[in-house]
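Undergrad: Quick one: dock chain against chain with the hints and give me the complex.
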Amino acid sequence: MDDFLAARLQMAFSLGFHIIFACIGMVMPFFMSVAHFYWLKTKNVVYRDVTKAWSRGVAIFFATGAVSGTVLSFELGLLWPKFMEHAGPIFGMPFSLEGTAFFIEAIALGFYLYGWDKINAWFHWATGVVVGISGLLSGILVVAANSWMNSPSGFDYINGEYLNIDPIKAMFNDAWFSQALHMCIAAFVSTGFAVAGVHALMILRGRNVQFHHKAFKIAAIFGTVAACLQPLSGDISAKDIAKRQPEKLAAMEAHFHTERNAPLIIGGIPDTANSRVDYAIKIPGLLSFMATGDFNGEVKGLDQVPKEDRPPVAITHYAFQIMVGLGMAMVLISVLYFIALWKKKSWMESKWLMKLFVIAIPMGFIALEAGWTVTEVGRQPWIIRGIMRTADAVTPMPGIAYSFYLFTAVYISLSIIVSLLLYRQITMVGKLYDSTAKDSEL
Amino acid sequence: MIYVVIVFLWTSILLYILLGGADFGAGIIELLTSKTNKPKTRKTMYKAIGPIWEANHMWLIIAIVILFVGFPKIYTTISVYLHIPLVCMLLGIIARGTAFVFRNYDAVKDDMQKIYTPIFVYSSLITPFFLGIIAASSVSGQIDPQASDFLSAYVFSWLNWFSVAVGIFTVSICGFLATIFIIGQTDNDGDRQHFVGKAKRTIFIVMFCGALVFIAAHVEQIPIVDWIFGDTPGLIAIIAASISLIFMWYALNKDQPISLRLLAGFQVTMILFAATYTHFPDIVLLKGGANLSLLTHQGQAKTIASLGYALLIGSIFILPALGYLIYIFQQKR
Ligand code: HDD
Ligand code: HEM
Ligand code: HEM
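So the sequences go chain by chain: C and Z.
Under the numbering used here, the letters of the first sequence match residues 17 to 458, in that order.
Under the numbering used here, the letters of the second sequence match residues 7 to 339, in that order.
Just chain Z, with the same shape it has in the complex (with noise of 0.2 Å):
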């Protein structure tokens, strides 16, 4: 059953960075787009995330309910030494969600609507930020429950360059899915070249993000290299992904929405488990090599078992009526 709760945990870390990092990278783009395209951005993402947008938030929930009760001890850890940038992630999230819902909803269109969307582009860009800030602190090794003063228990165990590399490079992640997600929802040609350039543009940007994580983790000396290509799985994955580009390159010159995606996911999946292959089953490295880990913390067989039929009972519920509600929208736009 541990193996069904681990999956599951996964799984939905997965689909909130491809999901919710969809939705995220809206309001990154709407942020880096020129002042006339942007109410043209602004009703085509609207248009693709407005019904499901909620739903691709419970991912988080999901993962977060995982951890306290599958493996409490991991998630303590991390509300404790991280807690200031989750708290800093809490309030993007905050920020946003309401920011969102506002400005659609509320019934004046007035000078209101320029305090909401400043609010909801920066916090597009604030949440995610952190939460590559959180998800890389976790593994970076910085975090020390033996530290006695402030700074070095709670800020450098996620202050620190490679940490802030791959919140950057978390946000860029995020910008792309949005990019390559909106131009399956453009409904005329012109729309359409303008979002294919736009994807173009932030492939290079992915990538130069990616090559600062690398070099951050070599300021950091954390042996980032070793760890992927240190181990053939995450070396296949990483290589994969770079392969896929190339077919990436070729849909996006061929309008090819549909695959455009698939190939998205395909190489963020890659890279999440050439992330989290090497470790596994360790999921936050402390100072001093006590590592956690999700077979050795795992709670007690019961709880396990009974969060395991939890999560296959919701499953049977859930995925259904998700996709029927995306394929609906899809349908009938």
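If we strip away everything but chain C, and leave its shape as in the complex, we get (with noise of 0.2 Å):
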């Protein structure tokens, strides 16, 4: 394998990794902390046995998160010197601020996983949403950092070098809000589907149903509210990149002609030799509104971007596509959801609408990873966009395709013992946890 695309490929491993402890150790704090809540609150043992079963859960995906992150901050000079060499000095506002609500995570952690019956039950109430928010925080700043890389400002291009460096000014880059509002609510689906489904494993299975459904429904809420607001900042991302970053909606829609009352293009084999998409549904105008809020708007096509400029168009489209098309079908299922907890209540109790949030369990995480190769592979062949380019970045070092190998083994063997141990986490609810149940040892 060459070393460039080792590099690319290794990089977007260990993000893609990453990314999923991450978003678990953003959002799960908050689960626990309604669940923790409603035990101050009402002292039903069930929510507190919920909270201590979730908190184990955030322990394993924390110290994960933590060590990939770490790995991570390695990656970015080990892969890519020249990038880092000048992008650092003025992207790394947003690392250093993260570098402080990263601290506060881990100390609130410390206080909320030792704390039971150490501390104040408010005060350690407290840290747990200390916890969420820092984790929040320090999503939305990494994020910004990589919005940067799409809409590089905050300083002077001229003649090769870098001048006039202005820090903030480069974190709140025109493509920093679109980013992390979508990110964050991205957190928020793909966690809040994935644990209301393995809640809705166990229902259907029979086992601490009791349990299962006080966890199910705190989830399933957040999930489901999030996933219908998706669209709407999914909307605003797409009339963001519109103005700029064309070239990544053209690839996104495999959009190879400038035009007027652009069509929305769903599915499809794009063919990147002939500049044309075979076998697609085509809605017309329905791009130009989107992009532009107008059915007759012009939307620049791919025809406009030098050939060497374009973004690899397949693998953008595709991944687009999946991600919407998931992100549609969970909205699907809110929208049940939402229906069966005002007006049905009895689609509650029957089985389709569970086996429904099961089938749910990876979409959420498939539509992140989508999203994200949207984002980075749109962007190609550009690491900063219009300044540098990714094979300039890359490291001298030759035989980066063993590092590959050796990264990738490490992170498929981590994911096999972190699902382990997480399925023996849920089987062992009954024994562990569940002081309801008969055979509790609490």
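Note that these hints are calculated values from the structure, not bench results.
Below, in silico cross-link-like pairs of lysine-lysine (BS3-like), each with a Cα-Cα straight-line distance of 30 Å or less:
1. C:233 x C:59
2. C:323 x C:255
3. Z:46 x C:134
4. C:134 x Z:49
5. C:68 x Z:120
TA: Below you can see the structure in the form of structure tokens.
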């Protein structure tokens, strides 16, 4: 494998791995805090059990998230030294603030996990909330760094030099808001659906039903509300990139020719050589409307971009379809769930709704990975859009392929162990956590 | 502002060695403990370190962030030429962090423990070893930006007797810190005696490994003697550290865990001080003498200023909270 490809793949794998743990670390503390709140208010032990069970899971995810994040902060230099040499001082501001957020998160988590019955009950609860808020903040901050790569600002690029650096301006670049918003909601969607689905599965199996019902409801409400907000935020993102990165929008939509009243293309097989899409469903005017708010607006196509600056169309297009498709599927499930909550209480008892949630377990995370693929691959061939090419940023060290194999092996083994651990946590709920169950230890 | 940033960089490295080091040491000690004493060591250690282990490792991240934001040239030079030991260290960090949590949080305690535990103890050994190698290599003058072949650019930049000796020395320091730390965590006399005995033995090991560093430096013709003894503050630091060993011996016999910890912290601080002072502001020495200096290779003024403010503001939040965390869990052991 050639070193440049290996470096890109290693970066992608490491981030793709980290993001899962990061999202769970951002969102689970909120679920826990809600359950914990009900426990302190109602003194219903089931809520305490749910909180404790979840906090175990969080500890596992948090540790994995922390080590994979540590690896990333080195990998940026190990794989992309030329990039970091110039970008570090410019987009470093969010990273230095993020350090603080991580630190607070780690400290608060120490209080939270080890503080049961040791510190004041409400102070203990508050530390859980702090874990969540600082996690969310760190997420927003890293995304600000990433969005700077999409929309570089806060410096003047003159004759290959980076002058007049303004780190604050770089942090609040044009892409920052839409990306951070979309990311935060995505974290809630993916974690909410995954957690709700797992508890739904246990309800279907008839195990510790009271426990799982309470857990399910908390996760499902977070997940479904977020799922309904996601398309709105996605729309903001789409309008945003129509302005800031038209070539990315064109690649997402496999939109080869600049035109007015541009159709929205669903599915299909992009044929880059001949600049057309085969077997696609086309909805006239909709792309123009989504990008500009006007059915007759002009949408730039790939023909406006020099050949060597075009992002890979097929990957970006498929990834975008996957994200939106799954997003819509989750909106549908959410609507059914709301109907069940308010109008048709009987649906709650029926199996099919729970089954839908079980099917949806991986959907959010797949959409999340797909969305990042859209953003990152759609930025290619640039690492800093319009300023530095990815190929120019890669490390001169040969043999990166081996490092790629090594890290891939590590990440695969970690995923297996984490899944095993999680499986055990879930199947042991009856024994370890559910104090209302007959076989309880507590 | 640049000095604020440098102080933060130095302090985070120091705290990583002290807190993270004690943490790595816990695994190393477990490796060197006889089978019968293993459960005892492990339990005492877990109680002591559990709540703060995550925070201990944040210091490394802070140091890295300071480097890449404030001193990008230094960060990238290290990343390029010390790629291999960095990857080894990262693998150690991954293995250790995850194994620590897995073995304490697995819902079922079964044969999987037999997998987690060796991973944990061996990675506790590997990580500080490579950390030492990286630190030593950055000052050993073997990094050669002009090198044209793979071996001299990416391997001999770090593979030499001096770096290896410093790696071993770092491991011994971690073990030393952990034994000193654990003395204060024991809750009965028998255990305490056991760990005091261990601490005395580790002191000799550390001195032995320190001697190895000097020998290796001599072999590699690295003028470490000149660096440390040729310069008054460095010399004073080393003498102070040696004198404090005498107090330490006394404190070990008298069972004063708090002064023990302070003394151990003092010694390590002095060693780091002596090792860095002579070179300041250079922190990466290259072959041919084109050194990278914290002062000449700093980022632009605005970057350094905002980094400095971010660190200052951050520490207002972090330090009290961290102090309180440690306080609470020391109180209610
Ligand atoms: C649960 C995950 C999830 C779901 C259901 C959706 N997205 Fe998304 N999307 C992401 C998760 C995500 C993401 C992984 O979080 C990305 C990558 C970078 C970012 O800011 O968010 C993203 C990026 C992203 C971008 C590119 C932004 C950029 O490069 O700045 C657009 C245009 C959309 N999304 C649009 C949508 C639309 C119209 C959706 C309709 C349902 C949608 N997304 C659902
Ligand atoms: C966590 C979510 C993220 C995922 C899943 C992700 C995914 C990817 C993928 C798929 C690539 C390879 C693109 C290609 O070469 O075709 C990539 C590249 C890269 N990403 Fe991201 N990314 C994420 C977030 C970030 C963030 C937050 C940053 C930095 C602040 C970042 C920095 C980079 C860099 C430096 C590269 C290599 C250069 C490049 O290929 O452009 N990424 N990422
Ligand atoms: C979109 C991408 C990313 C998001 C949303 C994100 C978010 C997070 C969150 C919430 C955590 C806390 C750990 C947890 O709760 O599990 C975390 C950990 C971490 N992340 Fe990321 N991250 C992203 C990408 C990156 C990148 C590109 C880097 C490095 C340059 C990075 C470095 C770290 C580090 C060092 C930690 C460990 C902090 C600790 O010990 O608490 N992250 N990340």
